[in-house]
Each structure stands twice: as C-alpha cells, then as structure tokens.
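Now for the letters of each chain:
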Amino acid sequence: MDISRDRLEMLKEIMAVDFSLVELNLYLDTHPMDQRALRLHNEYVIKHKMLKEKYEKDYAPLTHRFTSDCPWEWIEEPWPWEIDYEMGGK
Amino acid sequence: MTKSYTYDHEYKPEMLVAPHYKIPVMGPEFKLAEAYVPYQVLQKVYEPMKGLMTGTIFPELYRPYIKMKKDRED
Amino acid sequence: MWIYEKKLEFPAWVEGCDLKIAKLLFAQYGGPDSELSAGIRYLSQRYTMPIPEAKAVLTDIGTEEMAHWEIIGTLIYKIIDRATPEELEKAGLGPHYIQHGRDLYPHDAAGVPWTAAYIQAIEDPITNLHEDLAAEQKARTTYEHLINSTKDRGVIETLSFLREREVVHFQRFGETLRMVQEHMDHMKHKR
Numbered sequence: 001m002d003i004s005r006d007r008l009e010m011l012k013e014i015m016a017v018d019f020s021l022v023e024l025n026l027y028l029d030t031h032p033m034d035q036r037a038l039r040l041h042n043e044y045v046i047k048h049k050m051l052k053e054k055y056e057k058d059y060a061p062l063t064h065r066f067t068s069d070c071p072w073e074w075i076e077e078p079w080p081w082e083i084d085y086e087m088g089g090k
Numbered sequence: 091m092t093k094s095y096t097y098d099h100e101y102k103p104e105m106l107v108a109p110h111y112k113i114p115v116m117g118p119e120f121k122l123a124e125a126y127v128p129y130q131v132l133q134k135v136y137e138p139m140k141g142l143m144t145g146t147i148f149p150e151l152y153r154p155y156i157k158m159k160k161d162r163e164d
Numbered sequence: 165m166w167i168y169e170k171k172l173e174f175p176a177w178v179e180g181c182d183l184k185i186a187k188l189l190f191a192q193y194g195g196p197d198s199e200l201s202a203g204i205r206y207l208s209q210r211y212t213m214p215i216p217e218a219k220a221v222l223t224d225i226g227t228e229e230m231a232h233w234e235i236i237g238t239l240i241y242k243i244i245d246r247a248t249p250e251e252l253e254k255a256g257l258g259p260h261y262i263q264h265g266r267d268l269y270p271h272d273a274a275g276v277p278w279t280a281a282y283i284q285a286i287e288d289p290i291t292n293l294h295e296d297l298a299a300e301q302k303a304r305t306t307y308e309h310l311i312n313s314t315k316d317r318g319v320i321e322t323l324s325f326l327r328e329r330e331v332v333h334f335q336r337f338g339e340t341l342r343m344v345q346e347h348m349d350h351m352k353h354k355r
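Chains as they are written, first to last, in the numbering used here: chain U, 1 to 90; chain A, 91 to 164; chain H, 165 to 355.
Each hint should be verified, as a subset may be incorrect.
To be verified - Taking lysine to aspartate or glutamate and the EDC-like style, the derived pairs with C-alpha atoms no more than 16 Å apart in a straight line are: (1) H/K171 / U/E76; (2) U/K12 / H/E173; (3) U/K49 / H/D288; (4) H/K171 / U/E43; (5) U/K52 / H/D349; (6) A/K157 / H/E173; (7) U/K12 / H/E308; (8) U/K12 / A/E119; (9) H/K170 / U/E56; (10) A/K134 / U/E56; (11) H/K170 / U/D34.
These are calculated hints, taken from the structure and not from any lab test.
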C-alpha cells in the first residue's frame, strides 16, 4: 500500500533517529557511565520527540497513546507490513 | 584474591602454537576457562540514515558480509 | 510490558516475487535459530540475571528480536501475498498454503513447527550468556546462507541489516559476560 511521498520521507527519518536510539540504548546498558553516549542519546531523544509530534499531528499515530478524532484513528491503514517503502527506487 | 596464572616471561603461548596463528598474550588478570570479548569504547557514530542502512551506528562494529568463493554463483 | 509501535525498525522491502526465498525465510521466522527463538530465549533468561545491566540487555535485545521477527514476517508476507496457489505449490510452499493459507505461521524452512526445545534458560548467568553468544552467531550464519540463496535486492538489503544486528548483539552479550564474570568473582570473595 502506498502513502504520500512526504509522509514516507518523514517516517523514514523517524526510523533512522529511532534506530540510533536503539543502538545507544544497548550501548548504554553495558556502558552506563559513558557521558558522551548519554549526551548523544539525550540529543536524539529531543529530535525523536520533535519528529514524532509532527508525524502524529500531520499523518497518523505511532502508539496508541495519542488523542484521537472519531472514528478511532489507531485502526487506520496502512499497517507497517503493508507499506511499500520504495527502497529500490522505481 | 584468586591465585592468577602467571607466565614465565620467556615462555609465551605464541611460541607453543603454530606460527601462522597469532595468539597474543592476555595478562594474568584473564582467567583460564573463561571467555572474553573486548569492551567497545564509543568513538564516532554514523549519521542516523547511514546507521540504519548499515545496521549499526558504530563504524568499528561494521562487519560487511563478503561471500566465500564457493558460495558465489558467478 | 510491551506496547506496539506502529512502524518497522527497518524499511523492509522486496524487489520481486522470489517465492523460493520466502520458503527459506521461515528459518528465521520459526526455526531453531530464528528471531522468535532469540526473543523468547532472552526474555526468559532476564528474570534471574544478577546485575541490573544484564536485566536491561536481555530485556532490550529480546524486545528488538521481536521487532526483527516482525520484519521477517513482513518480507514473507510481501512475497507470498501476490502469489497464486499454483505458484506457491511450485515453490515448495504447497504444504504451508494447504495448512495455513497465506497466513504466517511459526515453523522452519522445512515446515517443522517451532518448539521451546530450541532455547535454553538454566539460571547460571555465565551459562545463559554463552547460550546467547552462540545464538547470535547461529543467527548471523543463517542470514549469510539466506543472502547466498537469493538475488532479490530488497531481501538482501533487509537481511544484511538483520545480519549486522547479530554482530552488534554478540558484542553486547560479550560485554555483559565481562560484567557478570567480574560480579561473580567479586561475590565469591565477599564471603
């Protein structure tokens, strides 16, 4: 299923920042005193919050913890396995 | 303190193993019958999109897969 | 607890309709060294870990493995969704189609259903962590076999991402082992 170009771009940006957060999360689990890593993590958290807020306002919720219009927006398609991420470049 | 295994400084493990295997000495704080992976220390990180496409944000942990000759179909 | 985030960890894609690799991908969906095995293994071992760093690592990597399980499911779904029953049969997915239609189902590449016998959790944290290190290597190797078995660019790119994750997980489990070793050594001498 396709979503708009702009929405797909923003979703990919969020995926990228969130992946950095996952990597730093695992690194910090085994390096809890690494202040450089903590600084990076905190910076990325701010970026994540900003992107998530904009995406959820403009497009669709990422978690169920959001204020919804009627009907309940959480159920809307596409679901993540249905999106054509267009990575091959058509 | 546990009694550590200390090396006679002239009797190195690398002398006991065939020379094409480089087995560096691990100091007395490392114990026999235990496995050790070196600890990573954060250096630089990839930009988020490059990190995502690579599978890690840490350049020193990037191990690209290179097909062995017998696994290649060419 | 777990809540669901409505996005994939990686933008999984397929270039064409390689049904042969779809069948083989079940190895990582419900096989012995699959993402499912990894997720359940780590999430089962986390309760008895003696140090907070280890509880965190096992919880966080276990959670990420379930996200990987979702990616494998997505790859398989994207490939088989468009296939006819005849095409599925020709690719060796006949038995799966008969018994499950185009639903995902946790079995391996040969159709053998997933079992907890694929995992172990035995309380000793040194032992558990060695099981985890081995699991990451087995998963990495399985990904390499899968990458060797397709030319689909999307599948290869997605599997390369998942393979690199196994390398990073191995490193984290290695670091956790170092901490647990130090902890156990310290505890031994406290008495």
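Please write out, lowest number first, the hints stated earlier that are contradicted by the structure.
3, 4, 5, 6, 7, 8, 10 and 11
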